[in-house]
Amino acid sequence: MMLKKKSLTDLFLQNATYVMFGAVVLYFGVQQTSFLMPDSMANIVKQASFIGIAAIGMTFVLLTAGIDLSVGSVMYVAPLIAGLLMQALDLPPTMGLFIAIAVGGVLGALNAFFIVVLRIVPFIATLSSLFLFRGFGTWLTSSKQFDFADEFRAFGLSSLFHIPLPIWMFALVLILAHYMLSHTGFGRQVYALGNSQEGARKAGLKTASIQARCYMMCSACAALSGYMLISQIGRLDAGFGEGSEFDVIAAAVLGGVSLFGGVGSVFNAAVGAILIQTVKLGLVFTGVNLYAQPIMQGFIIFLAVLVDGIRDKRTTALLKRTIRPIQ
Amino acid sequence: MTAILKFENLAKSWFGVPAVSEVNLSVEEGTLLGLIGQNGAGKSTLMNMLGGVVQPSSGGMEWRGQPYSPSGPADARKSGIGFIHQELNLFTNLSIAENLFVDGFPRKRGFLDKTTMHDRARGILSRLSLDLDPKVLVGQLSPGERQLVEIGKALHHEASLIIFDEPTTSLTPREVNRLFDTIAALRKDGSTIIYISHILGDVMRLADHVAVMRDGRLVDDGNAADFTISRMIRSMIGRDLSGYYPPRSCTPGERAILELEGVSQPGVIEDVSLTIRQREVLGLFGLMGAGRTELARVIFGLDPHASGAIKIDGQGIAAKAKGRIASGLAFVTENRREEGLMLDASISDNLALVALESFGRGPLGVVEEESLATRAAEVRSELQIKAGNIATQPVKALSGGNQQKVVIGKWKMREPRLFILDEPTRGVDVGAKYEIYTLIDQLAASGGAVLFISSELEEVMGMADRIIVMNRGEVVGEIARPDFEKEKILAMAFKEEPA
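Going line by line, the protein sequences match chains H and Z.
Taking my numbering, I'd label the letters of the first sequence as residues 658 to 984.
Taking my numbering, I'd label the letters of the second sequence as residues 1448 to 1946.
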């Protein structure tokens, strides 16, 4: 007896992001038709790709019911180290890209060490690494601005088949991460772990290793995201990436990745990132008071988290053990 | 026939208290052993030793003629022993196939080989005659289907011994029949099965061999053909402990304090009607999963009820626990450490918890410390809580019995009309048990009423004026003190489910 009948509420809760997305585009489109032009749409996707890449990484961590607050600092310090090495060894920007990702992986491994080995709660562990990583960067630069070579900026602004590099990166990461999560044993085990950590342990899964890989994935994506974003400007300020962790988490959750673990996909995260960017740009287009814009963003994020909470409550209620059959 | 599994003088004790002692039993290959016993008889501990969850204190096991001592659940699985626990262990966000293969996915060039996985899953599902797409998420399956998936996991691990622990509790009659068909099919393929259940009729129907446990010992075993339901019940009933309970000092009055009329909540309780009178101790007995605690939570307003009425003193009652406390209900829960106490806080703070608001004065509700302390001291001496300074000593430093008195005391601060006591003597030593029994009598004698929930039949019979028996969320019987008879009560509690 399959439960095929789904209530309208559940249907809405499952697709809340797309409903919101449609509503937002429609609203701004009606207000300002130029908003719907391909140019502004392409601009949205490009601007969304930076937070999007990091949000895809964050999805891995959120799926395990964890959280990573250090992504903003990783976005700052990993490209910085890559830049310093590029400067010292005279390396091309493509090499720098791999260095940045590798540094991200190492920082993620450090987070994983705190969480998996020392068993510190993810929130606290990554809160301290947020300061730790940024502090390291500040110490390296004495809080001065770091200027990259000109070719770095040229690399960042380059495009292939008229599509800017950041969008290519965004798409590449999206496809890779999707394959990892839905077409490898590791990916499916990430979902299992997020559904029930105790159950995963009982089923004989290597939970520590699965969690560790998720944090490394998250930081590597954050590093890439930071590297691509900096390549648009060519210089790195001390405050770069500060507070970005909230944009990244918000994008993933807004897209439908659950904070309670086990629910969501990288596509959700990508859509969430684009949705946030759409709102940001839409507010500019419609000429909303600059200082009122964060209120709107806050409201939308609040809605997303609210929907996530309701969704989780409903699933828990459905799974509650009964002592007699419900007919 | 050869014995596939042997227990040899197997024993386990927790902190010196024996849970299983000296069990000798062998299970023949290809047979079905029905394992029965009251709550706490040691069935689960015995099975947990078999599953590698618990390590034996002494004695050993033999599996296929070889000594067998699993160090963890993975060992048991590798040896070919599969468990179908009462609480299923499935990932609801994964598909059926993924659940079967989660600890070792088939791979092709590093990627998940979905074709192979789904083909193999289909093979397993067809062995279970389960007509489902292996891509369906487990979260969308009914409880019965989930259980079959869990059996599929055991098949996938090539288990030759499968243990079922109360498999039918949340199944509809139709699903139960399907489960029995599956069990028959498994046996045809040569699997050995241990079937644990409170439903004695099912055990009679399925088993080749029956083993009865009581107080951690194997007290009776033999061919199922030689068993009757009344022999099963007789074997499960233990010793008599008369004179162990304090005499009751009051008789129930006429006035009803609490009345339930046809109270139902889907999946939990069904059409429960009962009355508790003034100065009455009403015993509520039932086996594990009979719905006793669930009923208590509904009465207290922690869980909702879909239909029926609950009245106190003939009046309708508030919907939530806060309002019901105000009308005189008190609830001593079965987990005092988690739900009843703030372990690190002082005895006084714990006692003050419920009554705190009623000691508030003025618009800010500033607590009158002195009158609160006076009342706490009164309650402490009434209940004879053995402690040093109640204002400083943390509750966690008290013995189990005294901790329980603090839980009762925090409600007593407000002089409630009806006490719901859920397993109040659990984890309490013998001397303290007697004191709690005395307290139960006092609570009733002082004009209130007590709903006394326990899975120890002896203590319910020792203290109650009347016993109500529950089974699968329904009240299946009521019996007054003069007619108390163990066999009768247990027969009600083990009542068969009409299929």
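No lab work stands behind these hints, which were simulated from the structure alone.
C-beta: ideal position from N, C-alpha, C; glycine also.
Each hint should be verified, as a subset may be incorrect.
Stated by the list, open to error - 30 angstroms max Cα-Cα, derived DSSO-like pairs, lysine-lysine:
1. H:Lys859 with Z:Lys1561
2. Z:Lys1880 with Z:Lys1935
3. H:Lys859 with Z:Lys1453
4. Z:Lys1880 with H:Lys863
5. H:Lys970 with Z:Lys1935
6. Z:Lys1582 with Z:Lys1453
7. Z:Lys1555 with H:Lys859
8. H:Lys970 with Z:Lys1880
9. Z:Lys1933 with Z:Lys1880
10. Z:Lys1453 with Z:Lys1561
11. Z:Lys1843 with Z:Lys1758
12. H:Lys801 with H:Lys970
13. Z:Lys1582 with H:Lys863
14. Z:Lys1525 with Z:Lys1453
15. H:Lys937 with H:Lys859
16. H:Lys703 with H:Lys859
17. H:Lys863 with H:Lys703
18. Z:Lys1561 with H:Lys863
19. H:Lys863 with Z:Lys1525
20. Z:Lys1561 with Z:Lys1582
21. Z:Lys1880 with H:Lys859
22. Z:Lys1833 with Z:Lys1767
23. Z:Lys1555 with Z:Lys1582
24. Z:Lys1933 with Z:Lys1833
25. Z:Lys1843 with Z:Lys1880
26. Z:Lys1525 with H:Lys859
27. Z:Lys1833 with H:Lys970
To be verified - Computed beta-carbon distance windows for the label pairs:
28. Z:Thr1562 with H:Ile832: 41 to 51 angstroms
29. H:Gly900 with Z:Ala1792: 36 to 46 angstroms
30. H:Ser785 with Z:His1532: 35 to 45 angstroms
31. H:Ser785 with Z:Pro1693: 54 to 64 angstroms
32. H:Gln744 with Z:Val1583: 36 to 46 angstroms
To see whether the hints hold, each was checked on the structure:
1. Taking the CA atoms of Lys859 of chain H and Lys1561 of chain Z, the gap is near 24 angstroms; set against the 30 angstroms cutoff, the hint holds.
2. Proximity of Lys1880 of chain Z to Lys1935 of chain Z is assessed by CA-CA distance (about 25 angstroms); at most 30 angstroms being required, the pair is judged to hold.
3. Taken as a hint, the Lys859 of chain H and Lys1453 of chain Z pair is honoured in the structure, with Cα atoms around 25 angstroms apart against an allowance of 30 angstroms.
4. For the given pair, Lys1880 of chain Z sits about 45 angstroms from Lys863 of chain H by alpha-carbon distance, which is inconsistent with the 30 angstroms threshold.
5. Straight-line distance between C-alpha atoms of Lys970 of chain H and Lys1935 of chain Z comes to about 42 angstroms, which puts the hinted pair past the 30 angstroms bound.
6. At most 30 angstroms may separate the alpha-carbon atoms for a hinted pair to count; Lys1582 of chain Z and Lys1453 of chain Z exceed this at roughly 40 angstroms.
7. Simply put, Lys1555 of chain Z and Lys859 of chain H have alpha-carbon atoms about 26 angstroms apart, close enough for the 30 angstroms limit, and the pair holds.
8. Pair hint Lys970 of chain H plus Lys1880 of chain Z does not hold up; C-alpha atoms about 40 angstroms apart against a cutoff of 30 angstroms.
9. Between Lys1933 of chain Z and Lys1880 of chain Z the CA atoms are separated by roughly 21 angstroms; this keeps the pair inside 30 angstroms, and the hint holds.
10. With a CA separation close to 40 angstroms, the supplied pair Lys1453 of chain Z and Lys1561 of chain Z exceeds the 30 angstroms bound.
11. Under the criterion of a C-alpha separation no larger than 30 angstroms, the hint pairing Lys1843 of chain Z with Lys1758 of chain Z is inconsistent with the structure, at around 36 angstroms.
12. Pair hint Lys801 of chain H plus Lys970 of chain H does not hold up; C-alpha atoms about 48 angstroms apart against a cutoff of 30 angstroms.
13. The suggested pairing of Lys1582 of chain Z with Lys863 of chain H holds, with an alpha-carbon distance near 24 angstroms, which does not exceed 30 angstroms.
14. Pair hint Lys1525 of chain Z plus Lys1453 of chain Z holds up; C-alpha atoms about 18 angstroms apart against a cutoff of 30 angstroms.
15. Our distance criterion of 30 angstroms between C-alpha atoms is broken by Lys937 of chain H and Lys859 of chain H, whose separation comes to about 45 angstroms.
16. Using a Cα cut-off of 30 angstroms, the hinted pair Lys703 of chain H and Lys859 of chain H is violated, with the two alpha carbons roughly 44 angstroms apart.
17. Taking the CA atoms of Lys863 of chain H and Lys703 of chain H, the gap is near 38 angstroms; set against the 30 angstroms cutoff, the hint is violated.
18. Restraint check for Lys1561 of chain Z and Lys863 of chain H: satisfied, since their Cα atoms lie roughly 21 angstroms apart, inside the 30 angstroms limit.
19. Pair hint Lys863 of chain H plus Lys1525 of chain Z holds up; C-alpha atoms about 17 angstroms apart against a cutoff of 30 angstroms.
20. For the hint linking Lys1561 of chain Z to Lys1582 of chain Z, the alpha-carbon distance of about 10 angstroms falls within 30 angstroms, and the restraint holds.
21. Only pairs whose Cα atoms come within 30 angstroms are accepted, and Lys1880 of chain Z paired with Lys859 of chain H is rejected, the gap being roughly 37 angstroms.
22. In summary, the hint linking Lys1833 of chain Z to Lys1767 of chain Z is not supported, as the alpha carbons are separated by about 34 angstroms, beyond the 30 angstroms threshold.
23. Of the supplied pair hints, the one linking Lys1555 of chain Z and Lys1582 of chain Z holds, its CA atoms being roughly 19 angstroms apart against a limit of 30 angstroms.
24. The hinted pair formed by Lys1933 of chain Z and Lys1833 of chain Z fails the criterion: a straight-line CA distance of about 35 angstroms is larger than 30 angstroms.
25. Proximity of Lys1843 of chain Z to Lys1880 of chain Z is assessed by CA-CA distance (about 19 angstroms); at most 30 angstroms being required, the pair is judged to hold.
26. Pair hint Lys1525 of chain Z plus Lys859 of chain H holds up; C-alpha atoms about 14 angstroms apart against a cutoff of 30 angstroms.
27. For the hint pairing Lys1833 of chain Z with Lys970 of chain H, the CA-to-CA distance comes to about 43 angstroms; that exceeds 30 angstroms, so the pair is violated.
28. Thr1562 of chain Z and Ile832 of chain H have their C-beta atoms about 21 angstroms apart, which leaves the hinted 41 to 51 angstroms range violated.
29. Roughly 39 angstroms separates the CB atoms of Gly900 of chain H and Ala1792 of chain Z, a value that falls within the hinted 36 to 46 angstroms.
30. At roughly 39 angstroms, the beta carbons of Ser785 of chain H and His1532 of chain Z sit within the given window of 35 to 45 angstroms.
31. A hinted range of 54 to 64 angstroms for the beta carbons of Ser785 of chain H and Pro1693 of chain Z is consistent with their spacing of about 58 angstroms.
32. A hinted range of 36 to 46 angstroms is violated for the C-beta pair Gln744 of chain H and Val1583 of chain Z, which are about 55 angstroms apart.
Checked against the numbered hints listed earlier, the structure breaks hints 4, 5, 6, 8, 10, 11, 12, 15, 16, 17, 21, 22, 24, 27, 28 and 32; every other hint is satisfied.
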